[in-house]
Structures are given as C-alpha cells and as structure tokens.
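Student: These are the residues of each chain, in order.
Protein chains: 2
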Amino acid sequence: MNAMTAQNLRSAFGGESQAHMRYLVWANKAEKEGFPNVGRLFKAISFAEQVHATGHFKAMKDESGDFQVTAGAGFGLGTTSENLQGAINGENFEVEQMYPAYIAVAELQNEKAAIQSMKFAIEAEKVHANLYSEAKEAVDGGKDVDFSEVYVCPICGYVEANGAPDKCPICGAKKEMFIKY
Amino acid sequence: MNAMTAQNLRSAFGGESQAHMRYLVWANKAEKEGFPNVGRLFKAISFAEQVHATGHFKAMKDESGDFQVTAGAGFGLGTTSENLQGAINGENFEVEQMYPAYIAVAELQNEKAAIQSMKFAIEAEKVHANLYSEAKEAVDGGKDVDFSEVYVCPICGYVEANGAPDKCPICGAKKEMFIKY
Ligand SMILES: [Fe+2]
Ligand SMILES: [Fe+2]
Ligand SMILES: [Fe+2]
Ligand SMILES: [Fe+2]
Ligand SMILES: [Fe+2]
Ligand SMILES: [Fe+2]
Chain X
1 MNAMTAQNLR SAFGGESQAH MRYLVWANKA EKEGFPNVGR LFKAISFAEQ VHATGHFKAM
61 KDESGDFQVT AGAGFGLGTT SENLQGAING ENFEVEQMYP AYIAVAELQN EKAAIQSMKF
121 AIEAEKVHAN LYSEAKEAVD GGKDVDFSEV YVCPICGYVE ANGAPDKCPI CGAKKEMFIK
181 Y
Chain W
1 MNAMTAQNLR SAFGGESQAH MRYLVWANKA EKEGFPNVGR LFKAISFAEQ VHATGHFKAM
61 KDESGDFQVT AGAGFGLGTT SENLQGAING ENFEVEQMYP AYIAVAELQN EKAAIQSMKF
121 AIEAEKVHAN LYSEAKEAVD GGKDVDFSEV YVCPICGYVE ANGAPDKCPI CGAKKEMFIK
181 Y
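Chains X and W supply the protein sequences, listed in that same order.
Numbering-wise, the first sequence is residues 1 to 181 according to full-length UniProt numbering.
Numbering-wise, the second sequence is residues 1 to 181 according to full-length UniProt numbering.
Think of the hints as simulated: they come from the structure by calculation, not from any bench.
Treat the numbers as computed from the prediction; the structure is a model and nothing was measured.
Heads up, some of the hints might be wrong.
Copies of the same chain look alike in the list, so a pair counts if it fits in one copy or across any two.
What the hints assert, rightly or not - Calculated lysine to any residue pairs in the SDA-like style (CA-CA distance at most 25 Å, straight line):
| # | residue 1 | residue 2 |
| --- | --- | --- |
| 1 | Lys-112 | Leu-77 |
| 2 | Lys-58 | Ser-11 |
| 3 | Lys-136 | Ser-64 |
| 4 | Lys-32 | Pro-154 |
| 5 | Lys-143 | Pro-154 |
| 6 | Lys-112 | Gln-85 |
Input sequences plus hints: build the corresponding full structure.
Tutor: Following this line, the structure appears as structure tokens:
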C-alpha cells in the first residue's frame, strides 16, 4: 500500500476508534440525564464507528508495525445537548474535510480497499450527523428523541431509527444482517 | 488542568481507544484460527482498555473541544502468534515508556485525577503483558491457552484468568464487581 494512503487510513482508524469510545461515555451520560433513546443512539453509532475502524484496519492488514498516529478527536463531558453538538461537529468534520481529502489521495494512488472502506464511512457519517441533529432538537425541546429501536449495518455503519431497511442503501446488505440497539 | 497533562491524557486516551479496537479485531482472528480462549483474553483486555480510556476521558471532562491527538498504536493482522507479540509490544511500551513519562509530568503538575487514572492503567498493563505472554507460549506450542474464564475489574482494568480475586489487587474493588468474559 502507498505510504500516504496508509498514513491516512491509520489516522482515520485513530479518529474512528476515539469516536467509538467517546460515544460510549456520552451514551452513559444521556442515560443518567433521563434520555435513554439518545443513549441508545450513541451506543448504536458507537458500534457503527467500530465497523468503520475495523474496515480501515483490515484494509491495511499487511501494513504491520508500531506507528505514531495523529487523528482529530473531540473531548469534554458536558450536558447531553452539548455532547450531541460535539458529535455533530465530529461527524461533519469527517464528511466535509477528512474523508474527501483521504478519498482523493486513495483515488490518486488507486488503492481500492482504502477507497471502499472510506466511501462506506463517509456515506454513513452523513446519516449519523442527521440522526444526532434530530436527537439534539428533541433534547433542546426538553424531550427524549423518538427512537425506540436503532439498527446498524455491520458492513458499512449505516444507521436507521425505528426499523431496518430491506436493503442497506449504502452497501446493499440485507435486512437480516442489521444489528438492533 | 495544565496543558501538558491534558495533552498527555489525550494521547493516552487515543492509544487506549486504538488498543481496544485492535484487540477486538485480533480476538476475532484468534477465534477463526481455533483459539477461543485467546479470543476471550483479547476481548477481556479490550474491555480493560475501554476502562482506561474512559477513566482518562473523565479525568479531563472539563477540557472540551476538538484536538489533533498523536498516539502510539500497533497495526497489522497476522497470525494469532504475531498478533499476541504485537499486543505484548504495545503493553510493554506503555509500561516502560509512555505511562512513566506521563505520570512524571502529572506529578510535577500535581494533577491528581490524571495521576490516579494513569497509575491504575500502568499497573493493569503489566498484568495484561503477562497474560498475553502466557497465551503466546501456549499458541506457539500449538495449543489454546488454559483460560476458560477471564475476569476484568471495571474500575482499573486489572485482569485475572480462571477466577476473580476477593479484592482487586490494584484498586481494591470487590469480587462482585468484576466482569466475566
Ligand atoms: Fe465513522
Ligand atoms: Fe459517524
Ligand atoms: Fe451497509
Ligand atoms: Fe490500557
Ligand atoms: Fe493493556
Ligand atoms: Fe481494580
């Protein structure tokens, strides 16, 4: 694998791994604040970030060794409204800045596995940002969000509330494969 | 919180989050290679790294915002023996280099929450390294390791195979609190 694509994939892996972890902490906080459905959404999207991190890791399975990895990550444990805003900011950064840049380099270098893994991620992040925005609107209105079930595609990290699609709109995976939260 | 301690904690959080993720991928590989107990150990220690990452994140709960985080991380998806060696290297780096340096700075700056969180981590990493070494010896001899149950302390990330201690030797948590894998 070309060095620049490998470096970008390690950075994306670092960012996804930290997002996965941050969302678990924020899920716990949402539950404590009396927003169990926001907690469910954070847990579901945390798993989606695990799907992305795992995809990136496997795309560079032959790039063994120890590296210093630089990645963007959000911090702070605020109110659930603040945490949702932090999540929206992180997702938008990935959609607008990080993945377009990394995908452009992977395309320049014709790195097919990296392109695939990152295209799945960028499409899923758009959906994550929208779901977090919907949740923030509810919380800012003093209510929990109306997501009694949240489904995650284990292939690409696409997320849908209140029911799984017949076929994943990003990767085509079948309804039966979705993981329910 | 002092800037250097906050930067070090973010780096440790980044490293722990990536170790958590890497061990889940390696757990899956161990199961596929016919080493379910090594898979169990990877999953249990993955959870211990989540305990560390969460502790670090909470120790800097008021340090909100988006940052570029640089952290050491291992990559590559090899045989289970190779993956165990990668895990041992990562644990030893934390025990011998990363945490001693970061704890020294936190002590210089009298950052009590950071010292606590990182002292729990360094003590637990020593145990992780030993358990991975035991697992590697078994795998290199062609057998699965003899760990039919693995217990994790949810406060400090201490791990014990084949039974939980009455009291956690690192943090003092009671037997009933341990999580079984
Ligand atoms: Fe992601
Ligand atoms: Fe996302
Ligand atoms: Fe999908
Ligand atoms: Fe750790
Ligand atoms: Fe460890
Ligand atoms: Fe403990």
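Student: Check each numbered hint from earlier against the structure, then list the numbers of those it violates in ascending order.
Tutor: 5, 6
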